[in-house]
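Chains as they are written, first to last, in our numbering: chain A, 157 to 318; chain B, 157 to 318; chain C, 157 to 318; chain D, 157 to 318; chain E, 157 to 318; chain F, 157 to 318; chain G, 157 to 318; chain H, 157 to 318.
Treat the hints as calculated values from the structure; they're not laboratory data.
Just so you know, even glycine gets a beta-carbon here, dropped at the ideal spot from N, CA and C.
Take these hints with a grain of salt, some might be off.
Listed below are the simulated BS3-like cross-link pairs for lysine-lysine, each with C-alpha atoms no more than 30 Å apart in a straight line [stated by the list, open to error]: (1) C/202 to D/202; (2) A/202 to H/202; (3) F/312 to D/297; (4) A/202 to G/297; (5) H/297 to B/312; (6) F/202 to D/202; (7) H/202 to F/202; (8) F/312 to E/312; (9) G/202 to E/297; (10) G/202 to H/202; (11) D/304 to C/297; (12) B/202 to A/202; (13) D/312 to B/297; (14) E/202 to F/202; (15) B/304 to A/297; (16) H/312 to B/297; (17) D/312 to B/304; (18) C/312 to A/312; (19) B/304 to H/312; (20) F/312 to E/202; (21) B/202 to D/202; (22) G/202 to E/312; (23) E/312 to E/297; (24) A/202 to G/304; (25) B/312 to B/297; (26) A/202 to G/312; (27) F/202 to G/304; (28) C/304 to D/202; (29) C/202 to D/312; (30) H/312 to G/312; (31) C/312 to C/297; (32) C/312 to B/202; (33) H/297 to G/312; (34) E/304 to G/202; (35) E/297 to D/202; (36) C/304 to E/202.
Pairwise CB distance ranges (calculated) [stated by the list, open to error]: (37) A/304 to H/173: 40 to 46 Å; (38) C/214 to E/169: 38 to 44 Å; (39) A/318 to D/180: 43 to 49 Å; (40) A/292 to G/296: 54 to 60 Å.
Number of protein chains: 8
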Amino acid sequence: MNNPLVGIVMGSDSDLPVMRGAADILDEFGIPWEMIISSAHRAPEKTATYAREAAGRGLAVIIAGAGSAAHLAGVIAGHTPLPVIGVPISSGALNGVDALYATVQMPPGIPVATVAINGAKNAGILAAQIVSAGRPEVREKIIAYKQKMTRQVEEKSALLQE
Amino acid sequence: MNNPLVGIVMGSDSDLPVMRGAADILDEFGIPWEMIISSAHRAPEKTATYAREAAGRGLAVIIAGAGSAAHLAGVIAGHTPLPVIGVPISSGALNGVDALYATVQMPPGIPVATVAINGAKNAGILAAQIVSAGRPEVREKIIAYKQKMTRQVEEKSALLQE
Amino acid sequence: MNNPLVGIVMGSDSDLPVMRGAADILDEFGIPWEMIISSAHRAPEKTATYAREAAGRGLAVIIAGAGSAAHLAGVIAGHTPLPVIGVPISSGALNGVDALYATVQMPPGIPVATVAINGAKNAGILAAQIVSAGRPEVREKIIAYKQKMTRQVEEKSALLQE
Amino acid sequence: MNNPLVGIVMGSDSDLPVMRGAADILDEFGIPWEMIISSAHRAPEKTATYAREAAGRGLAVIIAGAGSAAHLAGVIAGHTPLPVIGVPISSGALNGVDALYATVQMPPGIPVATVAINGAKNAGILAAQIVSAGRPEVREKIIAYKQKMTRQVEEKSALLQE
Amino acid sequence: MNNPLVGIVMGSDSDLPVMRGAADILDEFGIPWEMIISSAHRAPEKTATYAREAAGRGLAVIIAGAGSAAHLAGVIAGHTPLPVIGVPISSGALNGVDALYATVQMPPGIPVATVAINGAKNAGILAAQIVSAGRPEVREKIIAYKQKMTRQVEEKSALLQE
Amino acid sequence: MNNPLVGIVMGSDSDLPVMRGAADILDEFGIPWEMIISSAHRAPEKTATYAREAAGRGLAVIIAGAGSAAHLAGVIAGHTPLPVIGVPISSGALNGVDALYATVQMPPGIPVATVAINGAKNAGILAAQIVSAGRPEVREKIIAYKQKMTRQVEEKSALLQE
Amino acid sequence: MNNPLVGIVMGSDSDLPVMRGAADILDEFGIPWEMIISSAHRAPEKTATYAREAAGRGLAVIIAGAGSAAHLAGVIAGHTPLPVIGVPISSGALNGVDALYATVQMPPGIPVATVAINGAKNAGILAAQIVSAGRPEVREKIIAYKQKMTRQVEEKSALLQE
Amino acid sequence: MNNPLVGIVMGSDSDLPVMRGAADILDEFGIPWEMIISSAHRAPEKTATYAREAAGRGLAVIIAGAGSAAHLAGVIAGHTPLPVIGVPISSGALNGVDALYATVQMPPGIPVATVAINGAKNAGILAAQIVSAGRPEVREKIIAYKQKMTRQVEEKSALLQE
């Protein structure tokens, strides 16, 4: 099997139903990925090691999803030169606004490419867009994917007229 | 001069003081960029044309900054297979929360890689991380940049002890 | 059948249960309408074309409903001189606050007449008020509708006394 | 002078600097307007009378601007079959979020066409779009206005390249 | 039967399950009340008439409950010298924050005594506190009620120890 | 001099510029008041004693103003059968939203009659409305005050026409 | 049995399902605790007495949990030199944001150590960290607890690979 | 000089004006402290090392202040068994709400004792309360500090009467 290009990290196994969306769309684009559970707070060394070794292991992008005070994506971004995509996950009383702010409001110097709350699917597409740079076949798939979405809108709109 | 790799688009010339931060950091990383003003609402065709032609013109990333109901990044993302980075800009009564939500909460299928409110500098760094894929010299500069930040923290902390 | 005066556009077929409220009230006022699904992001050209041709096709008002980063109404407003009514639709973790801000906080030059979150019925009434200008029979129906609402309040209040 | 087509109502003379924006743009479109101060709370009868007589006096649209618990637009909408445009005005500790919610979240049956916080200029444009129905010369001016905005974007973008 | 001292007004019969809480506690304090449905928007004249006649009919306090853009309490307060208690009612996507802001953020000159979202019971207690001024037997009941609450806390705490 | 009917309590002398608004309007209505600084946290016993003795000393209403985690009004309400009016005061990073929530969201059993953020003037008017019950001369002054406000709206609106 | 080191106070027995989380984790660390129901508003004297006597009775920390306008932790902190941990509890329309602000935004001089909304378990861990100062066996248990969490992350991540 | 008992960490030297408040109050209580600048993102190893060694070096509490996506306190808490106090610092467009959520909403297992936005003084008092456990002279100073605050309230209230 091909070496993974995208690392998907989540803070807890309870985030799996959301984060699987990233893996599914990467499969659709034919991009190899790997998935681990780690935590900026409960497993800080595992997280730091994973992030520090990612570029050397050939990963091109890291997707990190977490809820509440979602530090995972930012902490990983502190340890790697790779682009890091953050997925704020909705959980608890604040419905993901806490995770959104904790993911997107990174201070100058350490960006996290943040997608919508629970937007793991979009995180996967964004990862595909990033790795498509030197991979024309991925670029083609992205273009085809967009065309398919356009057709689906047309078809649903047509159904409405019946 | 080299062809631009990053397109920086902003909705209004009032966004320039913020968005210049993206250009400055790209200069620091030696990545050629171009900058235009366009608007999803006041110049929709210009925006669509720019976005549709970007990949063909050799751009690798588009950074789009806008305030209020910030549709610019999302609209551009609808027209291009390239990764699009959105910079929500603080303006008016809602202080940029409107721009943040309008930029980051994209529906499934069309991601926008959102950075912090007014986070144009981080948008530039993220763009550099993205284009660094096949460019080891950019990767090196990013690593050096991170090391410089670490040293600056050390120096400032040392100053505190005096 | 009469040519439609009101175009109802929604970003996804999942918005149909909400947006049908606009069509129902327009039926009650005897105002012909049409309904399509389009998307500012997944079908940007269809959206632009629809908006650009709307006035020429005899439409008087466009109602656009969308959720999340709801760009649909604003994008349509960028392409047409017609009044555009925006319906922010509640969906996902932010419960429609994202859609409200993305719809109402339009920058100067391109207004969107925004109604309440999920307020499609009010969008229909507002459309009727707008088309009633040269149509005294619609004006009469609006006045009668308001009188009926007043009577219903009276009747419900009377029931309370029993 | 022509009879006014648009009534501009504001809750306090402190709202005048914002609300003048609506009058200015209506002047630009050649649409006659009138302006009064009234208050849903301090002058409720004046407000009700104004709203009830507006249609009979030949007004086609009412624009109402108010801050804080902004009831003015909604109360006027309760008394008239005309379309009512609400302008939430930023004031006090909540920065206009209170006025936005109190203006836009109208219950079913009584819509208020809400524009952005402090968006009086857009309220004027929206009013022009509404009265343009049977007035082709206004429609033309709106189209020209949009084209001018597009040109201005082009010009500012061109300036950036110098 | 005694003449009512407290008028309970609600914007819709859907508010009855919440607003009944005010009537129940007034019964407990032996304070006669009346209850009507009216609406600042759908029945503005009924609302104005009720508010204008309330003091003359012997009412001492009005409690008004409404959801969404909750104008009812403020509009009533504009028409009466009596103290008006506002109950913001949770409904729709904003969960009552809209009703809270629209009720409490009244401009200078026209106060509304606002209680918690859905806090109709507290509105009843507050009304009792207000009418207790010249009625020592009500004052006694309020004191007894507070003592009962204290005892209940004691009892529940004691149960915890078992 | 007459015994005070209204006690005005504030958490800090920094609240005085806001809270003076309550005293000024009570002077205008000829209602005697007293003013103290106390604190639910820094002077809890003084606060409790003041609240417990208020009714016996002849006070009819207590107005309490505080910022941040504004517990003052609620704590006073726990110690007295009198109606307590709360004034949330804007201070610090949250601009008074914290004070509003901490004042208005009282649990069942202990109401606080909350006015707008920084709404001390309205707190004074509300106190006047409450003490007007057995005092027809206060009631008259409130009616006259409302009429004066209506006239002022008329006058300002007339000025606009010149 | 040992004297309790941690006092757990809650405003209502409805808070018990949340607050039990604090007791459970203290049991796990072998730290004796006691639990009472009290209320800053319904049982203010009980609350004040409990807080004033806590240090003398040998308690080292107080954990206080409450919802809505959560004054309990702050009021207790006003009466004791002990560290007080506040648990904002989610209840009602505002989902615990009111309780969070009312607990954490304490004015200078009286801190409350606030944990996440419904974060009673973390309140227990924090209490254990505080009492661990002179108790090496507790410190050891905390270290072991953290190691166990790290192992669990590893195990769950390993399961993902299968 | 005595070994420091409290470590004060801040994410940037721009946080110094706020964080100095913690040091000042610790001086007032006679508790030795040390202060460093570190960053969860720009100096992650320094941060981890500092946190891991803190307990062994004799620190009893760590105070961490940061703004925006404030991960500093949480990351430190992941590396130490000591109690960690978090100070959310107001900065940028979201005024510290982002820092508050990112600091307080920690997931189960890793608490951060959060104080008010910019509440560094209270962080210092809380640290003193925590280290006072085995230090009766600190406990005495805390009690005296509280008594002084009470007297100051009395004095300011007395001034008001003059």
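Can you give the numbers of the hints that this structure goes against, from lowest to highest? 1, 3, 5, 6, 7, 8, 10, 11, 12, 13, 14, 15, 16, 17, 18, 19, 21, 27, 30, 32, 33, 35, 37
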